[in-house]
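**Student:** Sequence:
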Amino acid sequence: MVTLHDGPVGHPGTRGRREVAGMSVIDNAVYVDGRRAAAPASVDGALEELHRCRSDHTGDGDGSTAPYSFCWIGMLRPDVEEIEELAKEFDLHSLAVEDTVNAHQRPKMERYGDTEFVVLRPARYVDRDEVVQIGEVHLFLGPDFVLTVRHAVEPDLGEVRERLERDPELLAHGPMAVLYAVLDRVVDDYIPVLDGLQDDIDEIEEQVFRGDPHVSRRIYQLTREVIAFQRAVEPLQEIFLELRGRFAKSGPSPDVELRRAMRDVIDHATRVRERVEGFRDLLGNILTVNATLVAQRQNDEMTRLTEAGFQQNEQMKKVSSWAAILFAPSLIAGVYGMNFDYMPELHWMFGYPMAFGLMVLLAVGLFAMFKFNDWL
1 MVTLHDGPVG HPGTRGRREV AGMSVIDNAV YVDGRRAAAP ASVDGALEEL HRCRSDHTGD
61 GDGSTAPYSF CWIGMLRPDV EEIEELAKEF DLHSLAVEDT VNAHQRPKME RYGDTEFVVL
121 RPARYVDRDE VVQIGEVHLF LGPDFVLTVR HAVEPDLGEV RERLERDPEL LAHGPMAVLY
181 AVLDRVVDDY IPVLDGLQDD IDEIEEQVFR GDPHVSRRIY QLTREVIAFQ RAVEPLQEIF
241 LELRGRFAKS GPSPDVELRR AMRDVIDHAT RVRERVEGFR DLLGNILTVN ATLVAQRQND
301 EMTRLTEAGF QQNEQMKKVS SWAAILFAPS LIAGVYGMNF DYMPELHWMF GYPMAFGLMV
361 LLAVGLFAMF KFNDWL
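Taken in order, the sequence shown gives residues 1 to 376; the numbers are from my numbering.
Hints were generated in silico from the structure; no laboratory data involved.
These numbers come from a predicted model, not from an experiment.
It cannot be assumed that every hint is accurate.
Taking lysine to any residue pairs in the SDA-like style, the calculated list, with each CA pair at most 20 Å apart, reads [claimed, not checked]:
| hint | residue 1 | residue 2 |
| --- | --- | --- |
| 1 | 371 | 314 |
| 2 | 318 | 365 |
| 3 | 371 | 306 |
| 4 | 318 | 306 |
| 5 | 317 | 363 |
| 6 | 108 | 230 |
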């Protein structure tokens, strides 16, 4: 069964959930040149701090460039009112807001004005239940802000944030660096899912050749999980194609390092997609092989039953033949054993030899006939 992953907050690496101005905000920070400059207590505070950073770092007319600053607000399961409040603060498009409110969207990347809207579907494999739990992450990427909205605990974006903060040079590229890091985390989390599916497929192959009668149901259920996982992975290709065309338009121009890092994520995602396609084809082949083996076992059983029936028929013919052979002498003996007064053969000198000879003649004749017809 494919489920939207849910679970307790407080995984290792998170900063812990905190309420910011009554909102479901996990973390709220303003970054200047890739370094955390402030952690405002509200969304309004983040915007004010962002404006102050711009004012404080404005060039002095000597040709210096103001450091790049942006805010990153991470939220977990916000309600409709919270999302609508963010939409007003950051002038988010109504269609993107509607998708975030409704959730259960397919992975995609859309541009509304100068804001990128990205939907990703992270995944986790529960080996005990053999299910792929699919989560959902929405990202709003503006020139100077990033909003991450999670509808499930996984993936832990707190770890992603900490990783970026340890690499200020990368984080200095702004929202595009955040998008890269989140994509990288989502794609990396696909690897354990692939490994779990591979282990189960190996077990299924053993069950098939072992003749497990319940393996067909397991093949069908695992195929459903692979298809659901494929729906989360396949659209990433469209996102990366879209990203290549817009990469240099969001935030400051990314350098070679960020481009190279993004290409690495694209390569990983391509390998994941190929493995998922291979799993689906392999499960289809396994199902075909299993059906063939089941049909073969049924044919073998039918052959065995047919042979057993043939042997029983042969035995019945032998029993019937001997019964007929014994019946003929018994009939003659019964006739002459009726003790009637007027039975000429009883007082005839050759009566007994005649009766005995007739018994032998009939028995030998019947035996010869049954032997000729291969009943004996």
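**Student:** State for each hint whether it applies.
**Tutor:** How the hints compare with the structure:
Distance check on the hinted pair: residue 371 and residue 314 sit about 13 Å apart at the alpha-carbon level, within 20 Å; holds. With a C-alpha separation of about 16 Å, the suggested pairing of residue 318 with residue 365 holds against the 20 Å cut-off. A threshold of 20 Å between alpha carbons decides the hint, and for residue 371 with residue 306 the separation of about 24 Å lies outside it, so the pair is violated. Among the hinted pairs, residue 318 with residue 306 is consistent with the structure: their alpha-carbon atoms are about 19 Å apart, no more than 20 Å.
A distance of roughly 16 Å separates the Cα atoms of residue 317 and residue 363; the hinted pair therefore holds under the 20 Å criterion. Between the alpha carbons of residue 108 and residue 230 the distance comes to roughly 14 Å, so the proposed pair stays at or under 20 Å and holds.
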